[in-house]
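Protein sequences appear in the order of chains A and B. So the first sequence is residues 1 to 96, counted in the numbering used here. So the second sequence is residues 1001 to 1161, counted in the numbering used here.
Fair warning: there could be bad hints in the mix.
What the hints assert, rightly or not - Which stretches of chain B does chain A cover? Using the computed rule of at least three CB atoms under 8 Å from a CB of chain A, they are:
1. 1002-1016
2. 1047-1058
3. 1091-1097
4. 1102-1114
5. 1122-1129
Read the hints as simulated data drawn from the structure, not as lab findings. Each residue gets a CB set at the ideal place from its N, CA and C atoms; glycine is no exception.
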Amino acid sequence: MLSPVETSSPDVDEHVGEDRPWVVLVWNDPINTMEYVALVFQKVFGYAKAKAEALMLDVHNKGRAAVSTGPRDQAEVHVFRLQEHGLWATMQHDDD
Amino acid sequence: MPLFRPPNPVVRADGDDTYEIVLDPRYRAILDDALEGVGSLLDDPDQPGIERLLPTTYPDDPEREAGYRLLAGEELRTSHQAAIETLREVFGSGSASGEQLWAAIRALNSIRLVTGTLLGIETEDDEPDPDLDPDEPAYGIWALYDLSMVVQHHIIRVLEE
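Only chain A is shown next, with the shape it has when bound in the complex (with noise of 0.2 Å):
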């Protein structure tokens, strides 16, 4: 006769935590010029000018601005390459 076995089930919020996307957010910092933003953006997203500057408005007048979405490393990397610049950036999950 089998006796009951107590087992450990698995953390499934954690499993759909992690596969949440995660949002790149940059801050606004009052030392980097606004140029130098939106063509940090051009540079480490390939966007078009139009839209790195509409993104560096939002940086600029909201405080903040979500630059990008994904899986963790890729997010990782995006925050990577913005500090590398100097920009003000952290990643979180898209709906903190």
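Add chain B to chain A, keeping to what the hints say.
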């Protein structure tokens, strides 16, 4: 597009992906000293003034932040230092490739981030006191903060052409 633009006082195109540095040697020397100083600060990540060069990636998750720092922190410092060394080489040789100019604007931004941090700049409205004594150390730091921005601006002009 303007029909006339004054000559760039920092850098000029000199053929295919080659640029001549025309910045006054006195300003080059000032910036070179600053680059050496920022490079030295980066040798120790706990030095005050370099916080903006090594920002937090996961502000709401200390555990992830610690892991990320372990993996990428050293690489980020090395990358900043490589850009600094590239600009010092460019100032020494008097010429640059397009790729070196990209490193140059990063290195100049590093000077801005360190001097801006030392000056306590937190908003766009932070400006030097008009009565600041030129003999005060802050006067020189403000001058360096402005000089690095002006030089960066002229390099960006060339990169955008």
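Hints, verified against the model:
1. 1002-1016: It is violated, with 0 qualifying residues against the three required.
2. 1047-1058: It holds, with 7 qualifying residues against the three required.
3. 1091-1097: Violated - the stretch 1091-1097 of chain B has 0 residues with a Cβ nearer than 8 Å to chain A, which falls short of three.
4. 1102-1114: holds (count 7)
5. 1122-1129: Result for this restraint: holds, n = 4.
The structure fails to meet hints 1 and 3 from the earlier list, while all remaining hints are met.
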